[in-house]
Amino acid sequence: KAGVTQTPRYLIKTRGQQVTLSCSPISGHRSVSWYQQTPGQGLQFLFEYFSETQRNKGNFPGRFSGRQFSNSRSEMNVSTLELGDSALYLCASSPDHSNQPQHFGDGTRLSIL
Amino acid sequence: SQQGEEDPQALSIQEGENATMNCSYKTSINNLQWYRQNSGRGLVHLILIRSNEREKHSGRLRVTLDTSKKSSSLLITASRAADTASYFCATDEGGADGLTFGKGTHLIIQP
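So the protein sequences, as listed, match chains A and B.
Residue numbers for the first sequence follow my numbering, beginning at 191 and rising by one.
Residue numbers for the second sequence follow my numbering, beginning at 14 and rising by one.
Just so you know, the hints here were simulated from the structure itself, not pulled from any lab data.
Do not rely on the hints blindly, as some may be mistaken.
[Said to hold, decoys possible] Simulated crosslink set (EDC-like; lysine to aspartate or glutamate; CA at most 16 Å straight-line): (1) K247(A) with D110(B); (2) K83(B) with E66(B); (3) K39(B) with E106(B); (4) K247(A) with E265(A); (5) K247(A) with E106(B); (6) K82(B) with E68(B).
Starting from the given sequences, assemble the full structure and let the hints guide the process.
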């Protein structure tokens, strides 16, 4: 079974731009969660999607948004990028989030210049 | 917000020795999970222990959970150079906040 795939692996943007990151979950997994990892704040939960609906949301501004498609693939979008958005963005999937381990992709490294 | 706090922040031991990492958390949980992260890679799930369980084993890994003290420990026995990584505990409160991760323990195994 293929693992969680995130694209692109690396991305460089400038302040004010927007970016879209993609995540393909493990086949059969319907829950997709996104996390931001920075040296200062560590791993922080962004949001979770299940069956194309946002089920949970972390404490991030509205510039961070996401969606999930009928094939469970998910995208997250960050608009009006700020220097502080530089981070490793990780996607995780599970059959159904509750009480189950999360399977993580290798992440997208986003650098803001 | 961080709930799990790992201790120590960094640990360096000789190959073959055992490594113990601790995690404390603040609120009631459904389960606690341990993950490993190699530099620049994603997280790899190690063990999930439910709130009604006290101990779980997986190969060289042993995890304990004490809900009265709100703490957990991860023991890696007979360490190998390949165990060098950061280890994170994560709590699942069953609510709307996804997994809540600690800052991690950076483990270095000296050959």
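Please verify whether K39(B) and E106(B) have alpha carbons no more than 16 Å apart. 10 Å, holds
16 Å Cα cutoff - pair K247(A), D110(B): Holds: K247(A) and D110(B) sit about 7 Å apart, inside 16 Å.
Hinted pair K82(B) and E68(B), Cα distance within 16 Å: Holds. K82(B) to E68(B) sits at ~14 Å (cutoff 16 Å).
With the threshold set at 16 Å, check whether the alpha-carbon distance from K83(B) to E66(B) stays at or below it. Given pair K83(B), E66(B) holds - Cα atoms ~13 Å apart, limit 16 Å.
Between the alpha carbons of K247(A) and E265(A), is the straight-line distance 16 Å or under? Holds, because 15 Å separates the two Cα atoms, which is no more than 16 Å.
Mind checking the alpha carbons of K247(A) and E106(B) for me, to see if they're no more than 16 Å apart? Distance of about 14 Å is within 16 Å: holds.
Consistency note: the structure conflicts with none of the earlier hints.
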